[in-house]
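Peer 1: What follows is the residue order along each chain.
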Amino acid sequence: MSGGDNVILKKLWKEIFDKFNYPALNEPEIVDFLPGPNSAVFVWEERKVKISKEFIDDLSKYMPRENAIQGIMEHEVGHYVLFPRELSDQIYLRAKAFKHFGRKSQIIYHYYMDIVNEATLLKYGLAGSELLKIRESCNKMLISKGIIKDDSVDINRLMLAIYHFLMKLPPFQLNQKERSYFEKLKEIPYLDLSITEHIGSMYNFGKVIEDLIPENKFKKQESGDKGFSEEMPNNDLDSDNGHGSCSIDSLEDISNNDLNRALSDILRKYGPHAFKISKEYLKKVRPDFKDFFDDERYSDKKSSNSKNAGIERAEFQLNDELIPLYKRWANCYGLYIVKRPFEKDSTSLYRGGKKEYEVGDPIHRIDIFGSRGYIGVPGISKTYSEEEGTIPSVEWSIPHLFVGIDSSGSMDHPASPRGAPQVLAAFILANNYYTNGAYVGGWNFSTDIAYLAPSRDIDAFYSLMCGYWGGGTVLNVQKLKEFLATTEFGEHKLKFSDEKDYEKMLELLPHEKRKEFLDKSLEIDMSKIKIKVKKLDNVIITDGYIFNPEEVISYLQNMGEITRNFIFLTDKEKYNEWSRMELPNTWVYLADEPENLIGLALGRGKALVEESKYYNRGDGYG
Amino acid sequence: MLSYEFRPVGLKVKTERRECVKVENKLYKVFEKWLDEFSELYDGYDEGVEMIKNIKPKPTIDEVHSALIAYEDHPNIKHAGLLLSAVYNLVDDKIIVFDVDLDVPIDFLGYKLDKRKVLVNYSRVGDLMGWEASGVVINCGEVRDRVGYLASGVVINYKEIEGLMCWGASGVVINCGKVSRISWWTSGKIIAIKNPVNFDDELNHVKSFLREEKCRKIPKLIEYFDELKNKLDEGRNNPELLLGIFGDNPVDKIRKDVDELLRKTGYLRRWL
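First to last, the sequence lines map onto chains F and B.
Per my numbering, the very first residue in the first sequence carries number 1; after that it's consecutive.
Per my numbering, the very first residue in the second sequence carries number 1001; after that it's consecutive.
It should be emphasised that the hints constitute simulated quantities derived from the structure, not laboratory data.
Derived lysine-lysine pairs resembling PhoX-like cross-links, with alpha carbons at most 25 Å apart:
| id | chain 1 | residue 1 | chain 2 | residue 2 |
| --- | --- | --- | --- | --- |
| 1 | B | K1231 | B | K1256 |
| 2 | B | K1022 | F | K168 |
| 3 | F | K344 | F | K530 |
| 4 | F | K186 | B | K1056 |
| 5 | F | K186 | B | K1022 |
| 6 | F | K269 | B | K1026 |
| 7 | B | K1078 | F | K276 |
| 8 | F | K186 | B | K1053 |
| 9 | B | K1029 | F | K207 |
| 10 | F | K184 | B | K1029 |
| 11 | B | K1033 | F | K572 |
| 12 | F | K168 | B | K1026 |
| 13 | F | K168 | B | K1056 |
| 14 | F | K207 | B | K1094 |
| 15 | B | K1053 | B | K1022 |
Please model the entire structure based on the sequences and the hints provided.
Peer 2: Here it is in structure tokens:
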């Protein structure tokens, strides 16, 4: 019979493949046995539908064999094409179901997935009476095998009743007991929902059918490692051969690579909290799962082995354990950076000393006058040797990144459930500058400053960006300038300013100068650090609530005359205020929501493209 | 002339749409809009009331809680208690059991709770539960801080409050569980069947305060609240069972019962 089934399957697959618009699936297969309820399953790792022969045999007692195979195929392909479709959504929904329903979550999730998939198939005309017939046959099959009684409530019949209701078909006959369930289930929306809405619907659905799932569906506690744990979602449902009427697939065979990609999608689409619960769930169901971004150096907050550990100041918290999260998050976004012409050291060859000629040395390097007429004689002729040196030259290249990040109390904490948009933006910028060969560095400020000179040590930069001061915002520009003047690019040592520095500096100033300084009319002399600053792209991410804005603006003005400034403001009012200021070479962007800030990082790319056109006309600066 | 049409493989399915019943949960849209637009600068409660009023038919408590779970990962979910409170006051249900497992504890649960309603919390919630509530607010879960501030109804704690309870309350305050502190700045009746962990001496100067040692001498009072807790646990999954206990006016019911018990022991007369 299996040979006949294969012929039917081959014929049907051609039609279904066309109907579903050629999905990227391999040819389906009929197998002797499937783990779990031994029915049919879409195997993610193999991109293939597998159907148990026994399941077809059982169904064919109540419906034509060809129709049974067709219904099964439509159902399973629907899981790949329609719902849940994405692996990321599948993991996220499973994690949510597990959180609320524990060990019953597996069954609730699968029934919910089936109901949404089948209702969508019916709505779009991709499946028809065959699918309805399968549900009916499943119910009859379970009764005939004695798994459920004639008068007990079966989820298959409830699902059928819902399809009849949704598709405006004649009402499906239910008994009194079933009706009470149906009345609740029909109020739940299943179609055309976002994943967020699906979570709500799945919760409602689960609450209704929870008591219909018998406890004996689960294996009893076994001794040994493979025993069922109360806390674990049950991957090993009893294979009662009753074809529990819903296809149970698992995440067991999915590759680490696919799971990691799915986790990144969850982080990008649903945020850090969704990522956290999904990852926790994955670690429970797949103990062998390895997060590509996990780093032992950051695994424990207290025993952080990062370069900056040990120099942490009491008020400045390093949150190195968050680095893998933000690294993964930032990896989801790219950014285009336009090169800028600036003076940098380029390598060049020059004539060095002389040496004796050896066979094989290039003839053009022979010192004709120094060889006394013996050209090309080893040991007698002389040749010039070439040495490599650096000369300053103007080149189009990616500038180094210098990010000032505001971590005062008004900014989101990096560990907040929504994530801190300013930290994410800094990571995105750093990733892209770093990949292009530039140095990355910056400063983290509130009333004090933690400063890191631009270098090729991106981990030190990440650590600095995840740090948090809290408190108010007074930018000590003089100290920042001092840092810039005294540090060498390439050294990755975290330095701190102190509020005392500021007071001390004021004390040292003559009375007139002090007054001038406090009146914010002091011009900042940038000439000494001009060469260094010219190599930087200066970025500030803040909410704009700075106690000494005049001083900051003066600093930006001075910086803008030498390099380009990008200011990201997370407060709308402050954005309106700052964007009216006409600062040279400065772009001010509103970034009041995480999405905006991410968009801005990308939008910045677009703006830079415009700039590059301007430069290429030949009338740009540089 | 030949023309070719290349369909995007596997992405867009050619379909014939079937007409079907549209079931939608309008509350989801309202929840999303409210959370997206939430700002600490405006009154989220009034805004919520305006939004919920327009939903026909009125949402059910289950729908509200499922919407809360759906938007659990929203950045502003912490403030959702204000919207929930608006819904609680607008729906027909009199007994509301909040038994939702959330990772981010929500603030302002039971804000301005109507005097005909009873809110029973079995979950972990944030700050300011039962602020300005004139109904009955019962905690059988874990609350962070500032419970029953300015409440004029009844506030009962059965399990745990990490911070302060009932600052400025003018109703009846009963503690049968663990609470860090009970505010002495209150004009209501305070019955500490269990004393707060950090006992404020000022409490002894509150005229209508009954401390643990004295409560022990009124076994019927303790029995009354034990029995109430048992009934609450029975009705945890079926709030309709609790309807009979509280009657039409739950605040009056508890007040009268407590007054009756205290009258017999003479405390009420002394307080008055």
